[in-house]
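Asks: Single-letter residue listing:
2 protein chains.
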Amino acid sequence: MGIKRLVLLVIVSCGLCWAQADDSHPAPTNIPGAEYPQIHPDLSATFRVRADQAQKVQLLMELGQSTYDMVKGEDGLWEVRTKPLLPGFHYYEVSVDGFASNDPGSRVFFAAMKEVSGLEVPSPESDFFAVKDVSHGTVRSQWYLSKTTGQLRRFFVYTPPGYDESTTRYPVLYLQHGAGEDEAGWSDQGHENFILDNLIASRKAKPMIIVNENGMTGVHLQPAPPQPASSRISAPIRQMMQDGFTLFDSVVSNDLIPFIDATFRTLPDREHRALAGLSLGGAQAVSIGLNHLDQFAYIGAFSPAIEISDTANDYHGRLANAARVNQQLRLLWIGIGSDDFLLEPVKKSHENLEKAGIKHVWVESSGAHVWTVWRKYLADFAPRLFR
Amino acid sequence: MGIKRLVLLVIVSCGLCWAQADDSHPAPTNIPGAEYPQIHPDLSATFRVRADQAQKVQLLMELGQSTYDMVKGEDGLWEVRTKPLLPGFHYYEVSVDGFASNDPGSRVFFAAMKEVSGLEVPSPESDFFAVKDVSHGTVRSQWYLSKTTGQLRRFFVYTPPGYDESTTRYPVLYLQHGAGEDEAGWSDQGHENFILDNLIASRKAKPMIIVNENGMTGVHLQPAPPQPASSRISAPIRQMMQDGFTLFDSVVSNDLIPFIDATFRTLPDREHRALAGLSLGGAQAVSIGLNHLDQFAYIGAFSPAIEISDTANDYHGRLANAARVNQQLRLLWIGIGSDDFLLEPVKKSHENLEKAGIKHVWVESSGAHVWTVWRKYLADFAPRLFR
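Going down the list, the protein sequences come from chains D and G. Read in the working numbering, the first sequence has 288 at position 233, and its numbers run on one by one without any break. Read in the working numbering, the second sequence has 440 at position 385, and its numbers run on one by one without any break.
In case anyone wonders, no lab produced these hints; they're calculated from the structure. Misleading hints may appear alongside valid ones.
Note that identical chains are pooled: a pair holds if it fits in a single copy or bridges any two copies.
In silico lysine-lysine, DSS-like type, Cα no more than 25 Å apart, as pairs [to be verified]:
1) LYS187 to LYS202
2) LYS127 to LYS111
3) LYS414 to LYS402
4) LYS202 to LYS259
5) LYS138 to LYS127
6) LYS261 to LYS127
Here the structure is a predicted model, which means the values were calculated and not measured.
The following block holds chain D by itself, in its conformation from the complex:
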């Protein structure tokens, strides 16, 4: 806290300083006390920033997928009101004369390998991850030594309500984020803790531990080499499937699982262990899960970066024997949104699994490649586990 800040400190009793004429309200993702962004009743949002000498200020929604020019008002602040937004979570940035950074009015979330502003657009759909007066689990950040990487690494663990007081042993869901995100994603953006608190309180899911590690291990975001437009999705995805995420696979199976089983009151067998993830993390869940059916009986792939075209040979042939896979996997869950850019390869994967007789739960939902969808997938997936 800087000098200039503290000498300005006074204590006031502050009411709804930000009350607006049109029933708009600050987003839940705003910094406490920040008036903007404002959500309007039609779910459009108004953004406002200070940039006194700027020539051009833009709002970049969804990491630049849609762009709004902001306009300088009479008060000198730059402002724009968006079209109505979908309920749920949106990444966004503000670009000032070519400098893309975060909006000082919003909390940030780790995405695209940087700290990015987030906007939560609330709606009745948000109820399943609302912070309610039920028993709450706890999210822990903890460190352990990975022999694979030689690093002290951080992971997050959700322990369910009652964990500390009981002597019960619990099943474990290993749950992974997407490319460019990190181990905080499932708690910060995903609200895994509130989703599970609410599911457990209503007895829809069994109490479980959830572990989040950093899946960017051995994975680097780089410009793709030039290639035909039609293969721009497939080539890197096929590459990921063959690569097998060797380094992260070893971190999970050799280092993380033994540490978790030694440190937490787990049920340390495959029947009580699940692996799931979103996007990159979904690709990792399928790859690492199939590679370690001795360790996992449940796999969840949320909008996964997969394209299974040859069940006899993909994943080094681990899907070739359908009967054996069906006997070993108690659940293979695959979901994708109808507006997701990965819809085609994932749907093709589903169809090829069907043809090969590999049992799986298939969910084709509405929505794009966004956390709004992945939260719902967790709420669908978790109740099916450990039954």
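Guided by the hints, dock chain G onto chain D, whose structure is given.
Replies: This is chain G only, laid out in the frame that chain D set:
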């Protein structure tokens, strides 16, 4: 993760892509993989950002206390190298044509009621909070219902190594952040967990639980009313001392402590409970601590916003009976840096406590009003607790 990001995904084996000619290296606070900021051997730092159409780009160190003009290089990126910096933690921002925001190359930290870039300048002095291969405690974020505010509130808890495995009960240090920061400050900026892990591993501190709540409760940062320059520090500080932080006092003493004692294996008496904080949090620790000597036997004030001028009447007379205070308080610890803008009122407080015969540990260290100092204060304070 946006569409444009994922189609650019390829997996590469990346070495030290950022290796520099002059032995400079990315700061520990950089985003993984981010080349800049770079720390040089003389502890100067080079910052580099993209702002293609900008007219004026500045680096604002320590929330604007010192400013550097950045210069556009031939590659189109804006760059500046600072003078040598003090080892430790620095808040900073980048201002682009009047838009002050964070540097996409660095992790952010909550300060001045926004998400602010942080720069850690490592040195041998950093060893006491380094992540070492010792037993690690865990930092939990957890929610509870406060009757005082009617809110579900989040707090952070450090539990020491071995907490989960043992049946021991532990003493508790309640440890608070400064104005404009939040309950994450002592883990994110302060590294309370590594400081305690290392102290406990070397048997210099007793294993203890640390709890961090949000002390901005009922406290709002507002422009101060006009007043003579000489009273710009004193007036709000005196106001805080008289106010007594009524709302936060009730949260801590009526809601938080009972919840912690009911939820964690604590030693639930005053002899095993300490309250400390930095700056605003230091003011709160003294005020709330003196108001609840039935609950706390140890008080720590790190660069506190206090100015004790009248021990007979300040804090509603709770310091008036020196013998009684000395008998009740097993430790009153007060520290301030020689370059801290609060040096004068805090030193005056120390002198007046001395005159009144109120026992306290007095530490006048080097340093300013920064986390670099407060980490060291925790490392000095914690070993004195619960002896």
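Asks: The structure should be examined with respect to each hint, and the outcome stated for every one.
Replies: Here is what the structure says about each hint:
1. LYS187 to LYS202: between (40 Å within a copy, 14 Å between copies)
2. LYS127 to LYS111: both (9 Å within a copy, 18 Å between copies)
3. LYS414 to LYS402: Answer is within; shortest intra-copy Cα gap is 15 Å, inter-copy 73 Å.
4. LYS202 to LYS259: For LYS202 and LYS259, neither the intra-copy (38 Å) nor the inter-copy (29 Å) Cα distance is at most 25 Å.
5. LYS138 to LYS127: within (18 Å within a copy, 36 Å between copies)
6. LYS261 to LYS127: neither (52 Å within a copy, 57 Å between copies)
Comparing the model with each earlier hint shows violations of hints 4 and 6; every other hint is respected.
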